[in-house]
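Novice: Protein chains in written order, with numbering that gives the first Met the number 0: chain G, 0 to 410; chain F, 0 to 410; chain A, 0 to 410; chain C, 0 to 410.
Among the hints, a few may not be true.
[As the list claims (entries may be wrong)] Lysine-lysine pairs mimicking DSS-like chemistry, simulated, CA-CA at most 30 Å apart:
(1) A:K204 / F:K204
(2) F:K231 / A:K204
(3) F:K231 / G:K204
(4) G:K231 / A:K231
(5) F:K204 / C:K204
(6) G:K204 / C:K204
(7) A:K231 / G:K204
(8) C:K231 / G:K231
[Said to hold, decoys possible] Quick partial rundown of chain A residues pointing at chain F, CB under 10 Å, derived from the structure:
(9) G230
(10) V234
(11) P330
Just so you know, these hints were derived from the structure itself, not from any lab.
Where a beta carbon is used, it is the ideal one built from N, C-alpha and C, also for glycine.
Number of protein chains: 4
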Amino acid sequence: MELANNTAEGIGQELDWQVPFYEQLHRNPELGLAEHQTSAAVAEKLAAWGFDVRHFGGTGVVGVLANGTGPGVLARADMDALPVTEATGASYASANAGVMHACGHDMHVVALLGAAKYLADHRDAWRGTYTALFQPAEETAAGSQAMLDDGLAAGIPRPDVALAQHVMPTEAGTIGTTPGPILSAGDSVRITVHGRGAHGSMPHKAVDPVVLAASIVLRLQTVVSRETMPGKFAVLTVGSLRAGATANIIPDRAELLLNLRTYDVDLRAAIMAAIERIVRGECAAAGSPQEPEFEYYDQYPLTSNDPEANARVAAAFTQAFGADAVYQTAPQTASEDFSRIPDAFGIPYVYWVVGSVPPETYRRAVANGTVDADIPANHSPSFLPAVDPTLAVATRAQAAAALAYLAVPPG
Amino acid sequence: MELANNTAEGIGQELDWQVPFYEQLHRNPELGLAEHQTSAAVAEKLAAWGFDVRHFGGTGVVGVLANGTGPGVLARADMDALPVTEATGASYASANAGVMHACGHDMHVVALLGAAKYLADHRDAWRGTYTALFQPAEETAAGSQAMLDDGLAAGIPRPDVALAQHVMPTEAGTIGTTPGPILSAGDSVRITVHGRGAHGSMPHKAVDPVVLAASIVLRLQTVVSRETMPGKFAVLTVGSLRAGATANIIPDRAELLLNLRTYDVDLRAAIMAAIERIVRGECAAAGSPQEPEFEYYDQYPLTSNDPEANARVAAAFTQAFGADAVYQTAPQTASEDFSRIPDAFGIPYVYWVVGSVPPETYRRAVANGTVDADIPANHSPSFLPAVDPTLAVATRAQAAAALAYLAVPPG
Amino acid sequence: MELANNTAEGIGQELDWQVPFYEQLHRNPELGLAEHQTSAAVAEKLAAWGFDVRHFGGTGVVGVLANGTGPGVLARADMDALPVTEATGASYASANAGVMHACGHDMHVVALLGAAKYLADHRDAWRGTYTALFQPAEETAAGSQAMLDDGLAAGIPRPDVALAQHVMPTEAGTIGTTPGPILSAGDSVRITVHGRGAHGSMPHKAVDPVVLAASIVLRLQTVVSRETMPGKFAVLTVGSLRAGATANIIPDRAELLLNLRTYDVDLRAAIMAAIERIVRGECAAAGSPQEPEFEYYDQYPLTSNDPEANARVAAAFTQAFGADAVYQTAPQTASEDFSRIPDAFGIPYVYWVVGSVPPETYRRAVANGTVDADIPANHSPSFLPAVDPTLAVATRAQAAAALAYLAVPPG
Amino acid sequence: MELANNTAEGIGQELDWQVPFYEQLHRNPELGLAEHQTSAAVAEKLAAWGFDVRHFGGTGVVGVLANGTGPGVLARADMDALPVTEATGASYASANAGVMHACGHDMHVVALLGAAKYLADHRDAWRGTYTALFQPAEETAAGSQAMLDDGLAAGIPRPDVALAQHVMPTEAGTIGTTPGPILSAGDSVRITVHGRGAHGSMPHKAVDPVVLAASIVLRLQTVVSRETMPGKFAVLTVGSLRAGATANIIPDRAELLLNLRTYDVDLRAAIMAAIERIVRGECAAAGSPQEPEFEYYDQYPLTSNDPEANARVAAAFTQAFGADAVYQTAPQTASEDFSRIPDAFGIPYVYWVVGSVPPETYRRAVANGTVDADIPANHSPSFLPAVDPTLAVATRAQAAAALAYLAVPPG
C-alpha cells in the first residue's frame, strides 16, 4: 500500500489545473438536472484522460477506466448547485444570479476529477476498473434515481464497492467516517385530511378539520415517544400545518407536511406505517367524510457504510493523512441520494466527510463556543470551503479510497 | 270542572290517616326491589278501597278502579329508599340503619294513595278507569322496566294518559311543570380499551393504554363542542379514568366511565354513536390489539311532557292551587325511569315537581343567596319534606291531574 | 291605537316613490364608509320632509323630527353594500361591478324613509320626537361606532327606545321578533403563539409551535364542553390554523383565527378570559420563549331585545299585520352592530326580522325540504327580496313600531 | 499482573465453603433493611479473616483490610431478597414463605466474600487497602443511602475506585462491561393535579381534572419526541392515571404516576424540569384552583462506568477469562443504587454483569429465538443462577478487578 502514501505528492501536482477549474465551476453554478456546462466540461476531461464516457439521466456523466483484472470501484460526485444568492464576496463568486454552489458540489466534482486523472496517469500502480460517476440533482433527491432510470445499472461494468464524499464546515484537513449509518434516511409526506366545511356558527353541520389535524399532530408525538425503542434515532416533525383562512368559516380540509429521519430501514418502515395508521384512525374518530391522502416526496435513502469497507477505507485514510486527521464521525441528520446507486448494484459503499474550514478559524470558534454563529454551514449564502487544503485533501481521499481496493500490492 | 276545586276540602280529610302512614313508611325505608313491607301495605289499602290489585316485577303493585265508560288514567308513584344514613333528627327517622327515604318516594306513595282513596270515595264525580301504579327501584333505573318485563303492558287496561310527580327542595305549596323535556335522559357507559402491557422502559413493545385513554378523553370533548348544535342541551362527562397501578409498568388496559345527559332522543342517539366512533377510531390510531368494550348501565329515558296533556294538567293545577302556585319549570338535569311505562303504551304523560321546603325558609335562603348551602337537596342525609303542606299539595295534585281527564263535566 | 291599523293604507301610498328609489339604490350599491350617493339622497329627502338633518361618522345621516311633547323614538337603517358580484338577473341589478346590495340594506333604507315620510305627513296623529338614523358600514362592524365616535350621543335628542329591522330569506309578509337575544355577539381573535424555529431534525433545539397550536386547539374545545353551562348557547370555532411552510423546518410561530358567538355578555366575558387563560397556559407548558399575542377584530355586540319594548312592538305588529303574520323567532347566529347605538344612550331597543321570499316559493321549499338549496340567503349573489310585499311590510313595520310609542291615544 | 491469572486456581479452592454458604443464604432470604442473619454471617466471616468490621445503616457491613501502602479498592455486594414466592424447585429453595433471592444478591454476597478471603489469604501478592462492603436494601433504592446517612463516607478509609457486579440471565461464563452508562437513572414521580368536583351534569361549576390529566399525558409525550435530542436515550412513561370513581361525578383531583429513565444527568435534570413545567402549564390552562403536587420516589442514580477504570478492569477480565468471555454490553434500562457510594467519595467506579444461564441452555434459546420465553429473568419466581460456573466466575471477577489496582507488579 505504499502508493497510497505517495498520492500526497501526486495529487499536489494536480492542483495546477484543479484550482482554476474549481473557480470556474463555482462561478458558473447550475441547478439540478440543468448541469449542462458542468457535465460537458467533466465529460471532456474524462475523455481526454482515456476514460470511456457515457451519459445517463440527462446531465449525468460516467467515465469508465478499465485497467486489467481486478476489483471494480465506483466513485461518485454530485454536480448541482442551489437556488441561493451568494454572499461570500469571493473573487470567483457566482456569476449566475440566484444560483450558488452553496453545498460544495463543485469541490466534489473537481476532487473526483483529480483522483481520476491521478489514476489515469498511474495505471501501472493499480489493477481493475475505475468508474468516476458525476451525478446531477442531489439536492432534490432526483439525480441518482434519474441515472438509474436511464439504465445506469446495466450500462456500466458492475463495481464491487462505491465511494462518495462531502465537504462539511469542520476543520479542513480532517476526514470523518464511520461504520454503519452516517446519513439519515429522509422522507417527507404531505397529508391532506378532509372535513366538511360550514359556517363557524354551525359546527354541528361540519366535520372540523382543524380539530382533526390538531389531534393528528398530538398523536404523532407518540411515534417517537412510545413506538420507537428508547435511544434509537428517529425524528418525526410536522413542519407545516395549514387549514382555513378566516375566523368564522370551518374549512373543509387541512394539510400537514411531515418530515421523517431514521437510521434504520425497519424502523423507517414501521414509522411510516404508524403515521398512516394514526392518520386513518384519527380520521375515523372524526367521522371524516373522505379518506386522507398521503403524498410522499423528497425521499432520501439511508446512507449506511458497510463496516468492512469502511474499515478498509479508513485505514487507507489513516495511512495517507495520519491518525490525527481521521476520526469516527457521529451520524449526521442530513440526507443524500448517493446510496441508491450502490443499492442498485447490491454492493457495499463508504461515504465520508471532509472538513473545509481553516483550522485556526475552526479551533477558535470551538474554543469560543461560537461554531454555530461563526462558521457558515452548507446551504448558507456565506458557505465557502477553504480551497487550500480542502481540495487537495478531498482529491487525495478519493484516490486513497480507490487505491485501497485497486492498488497493486507492493513487492 | 268544579270538582277539581273541591278536592282541596276532600283531601284535607285524608290527612288523618296519611300523616301516620307517611311516618310509618319513612321510619321503615326499603331499598329497590326489596320494598316488601311497603308493597304489602299499599296493596292492602288499595284492596280495601275496592281496587283490583295486581303485582308486577316483584314488589310492584297496581290497583285498577274501573268506574264506567271514560278515559283511562294511570298515576304512578315510586317506593324505594336509598342507601343513606339519615341525619334529619326527625321523630320518625329511619329505623333501618344505612337506609333512608332521602328522595321523598314515601311522600309519593302516600300522596298517590290519598288521591286513589279520594277517587274511590267519590265515584259519582268521575267516569273512566283509574290505575294507581306503585313502582319499585326507581333509584337504580330498574323498577319500571322490571314491571314491564313482568307483563305490565298486557296486564292492565290500556290507559290514555300517565301521571307522575316528585318532591323537590323548592318552596312548599308550589307546583312546577313544563311542556316538553322536564328531566334529561341519562346514560352511563363503561368503556374498556385495550393496550399491550410492558415494562415502563420498553414502550416500543407496548401499546400504551394510558395515552390511548387520554386521547379519547380529549377527543370526546368535541362531541359537545363541535357535534352538538350550539345551545342544545347535552352533557358528556368522563367521571372516571383508571389505568395502571405503578409508575414503571405500562398497563394493558384502561377503563373510562362516561355519563351522558340529553333532552332529545335523536341527539342522544347521535352522541352515543359518536362516542363509539371516537373510541374505535382512537383505538385504531393506537394500534390497539383488541376491540374496545362498551357496557351501558344506569340508563334513564328522557322525561318529556306531552304539550297538550301538560296544558290540561297545568290548567287543573292553576284552578286547584291558584296561578301563583303554578310555574313553568326549567328542565332538570336529573333523570327518572317513569317514562318507560307510558312509552310502553304509546301514550302521553305529564310529570311535575312539588315543592317541599317551608316557604319562609326557602324565601330567606333565596334572599340570602344560600339555597345551595341551606336547603338539603334530594339524596342528602338531611333531606326531609315539610309534611305540611307538602303532603296535602301532592295528594291534591294527583287527584286534580286525574280529574282533569276523568271528571264528569258539571251541569 | 287605531292609527297603527291605518298605516296599512297610508304606507300603500308611499310605494309610488319608494319602488323606483329602491331600484335606484340597488342599481348603485356602495361599500361601507363610502355610501356617498346613498347618504346624500337620504339627506335630501329627509330635509325635504322637514327633518332636521345632521351628519355623523362620514356618511352617516340622522334626521330629527320634533313634534311636541312625547317620547323619543330612534329608528335605524344600515346603508352599505357588499363586495359581491350580483347574479340575480334583475332589471335593476348592480351597475357597480363587484359591489352588490346582497344583504338588503337598500330595502332597509327605503322602508325607513317611507316610515319617516308617513310620520312627517301625519304629525297630528302622534306626539314626541322621531329620529331616523341611516348608518354606514354595518358589514364591517364599523359604522355605528364611527357615528358614536363622531359625537352621535351628544348630537341628537336622547331617545327613549330604538328600533331596527332586517330582511331575511323567510316568507314575505311575516315578521319575527323575540324578547331577549335575537342576534349573537360575535368576536374574532387572531392569536399568534411563538416557538423557536430549528431544522426539522433538531427538535431539541426548538420549541415546536405546531405542537403548541395543536394543543391549544384541543384544549379550546373544553371552553364549550366543560366551561359553558349545558344548554347555553356558545360557539367557539378555530377557523384557521397556519404554521410553517415546509416539512423539514420547525417554524417559529403559529397563527390561529378564532370566532366566538354568544347570547350572554357575562358568558362572552368568561369565554374570552378562558381563551386567554388556555393559550397562556399552553404557552407556559410548551416553554414558549415569548408571550402570545391576541388581536381582537370583527367584534359585534349582542343584540338582545328588551322584553317590555319587544312586547309593545310585537303587539303593534299583531294589530297591523294580524296574528298569523307575527311569530317569535329563535335567536339567529348572525351578528349586527346596531345595539351599540341604544347601548350608548342606555335605552331599550327592539330588532326584528322581515321575510322577503314570495310565500308560495318559500312554502314549496319548506314542503320539499329544500330551503337551504332553493332560497338564496343573505350575502348570496342571488339574494333578492321580493319588492312586493316586502317593501310595504318593512315600511309599515317601522311606522307601526314607532307609533306604538308615539301615537296619540284615540278618543 | 501474573497474579490475576492465578486467581482462577485460587478461587477454585474457595468453592468448598462458598457453595454451601450460598445455598444457606438462598434458603434464608431476608427483605431489605432486615438482612439480620445475612449481615451477621458476613460480619463473622470477615472478622475471622482479619478484616476490620464496621456496621452502617442497620444491616450494612463493611470489612476493611489494610495491607501496606497502595491504592484503596472498595468492592460492594447487595444482600437483600424480594417479596416473591420461589418456584424454582431447587433443593435449597427459600424456606421463608413469600420471600426469595430472585435477583441473585445471595450470589453477589458469596462471590465478594470469596474474593475477600482470597485477598486475605494472599496478602503478599498485593498492597493497599481492600474494603468489602455489603449493602442492604438495593431493591428499594434505600440501602446505599442508609449507609451513607449513617456515616459511611467518614467511617472508612477513602478508596480510589469502587467495584460492583450483578448476575444476569445471559450465558454463564461471560462478563459484560462498558465505558459510560451501564444502568439507567430511574425516577418515579407521583403527580396530583387538582380540579373542582361537581355533579357530572354541571361541568361549568367544575374544573375537570380528568380532562386536565388527559392533556398532561398527551403533552408529556413531547418530552421525548421534541425535547430530547434524537437518538439520545430517555423513557418517560405514565404508568398509572387514576381519577374519579363513578360516571356522573366530576372528581376533584387526578393522580398520575410517572417513571423516567435516562443515561445522562443533564438530560435527566432537563426532563424533570420539563415535567414540572408541562404540569404547571396545563394546570394554569385548566384554571386549576390549587398548585399541583410532585412527590418523587424510587429514585435511582445513574450507573456510568469511568472509561479509564473500565478499561483497566476489562483488561483484567480478558486476562483472567479470555477475550471470548468478555464483551461490551449495551446499557441496561435497569437501575441500581450502588453509584451513590462512589459518588459520595467522588471516585470512579466499574459495574459489570455476569452471566448465569448454562451455556447450552442459553445458546439453544438464542438459536430458537425464545430467550424471553425460556430464560427466567431477574425477579422471576423461577430465576436461579447456575451455581457452576457462575459462582466461580463472579468470585474471580471481583478478585481480578481488585487486583487490577492492588496487585504487586511482577518482577
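Novice: Taking the hints in turn, state whether each one holds.
Specialist: Results for each hint:
Restraint check for A:K204 and F:K204: satisfied, since their Cα atoms lie roughly 28 Å apart, inside the 30 Å limit. Of the supplied pair hints, the one linking F:K231 and A:K204 is violated, its CA atoms being roughly 46 Å apart against a limit of 30 Å. Pair hint F:K231 plus G:K204 holds up; C-alpha atoms about 14 Å apart against a cutoff of 30 Å. Distance restraint check for G:K231 and A:K231: the Cα-Cα separation of roughly 50 Å exceeds the 30 Å cut-off, and the hinted pair is therefore not satisfied.
At roughly 41 Å between alpha-carbon atoms, F:K204 and C:K204 are farther apart than 30 Å, so this suggested pair is violated. Taking the CA atoms of G:K204 and C:K204, the gap is about 28 Å. The hint holds against a cut of 30 Å. Distance check on the hinted pair: A:K231 and G:K204 sit about 18 Å apart at the alpha-carbon level, within 30 Å; holds. Restraint check for C:K231 and G:K231: satisfied, since their Cα atoms lie roughly 7 Å apart, inside the 30 Å limit.
The interface hint given for A:G230 is met, as the beta carbon of that residue sits about 3 Å from the closest beta carbon of chain F, less than 10 Å. Contact between A:V234 and chain F, as hinted, is supported at the beta carbon level, the nearest pair being about 4 Å apart and thus within 10 Å. For A:P330, the suggested interface contact is upheld, since its CB lies about 8 Å from the closest CB of chain F, less than 10 Å.
The structure shown violates the earlier hints numbered 2, 4, 5.
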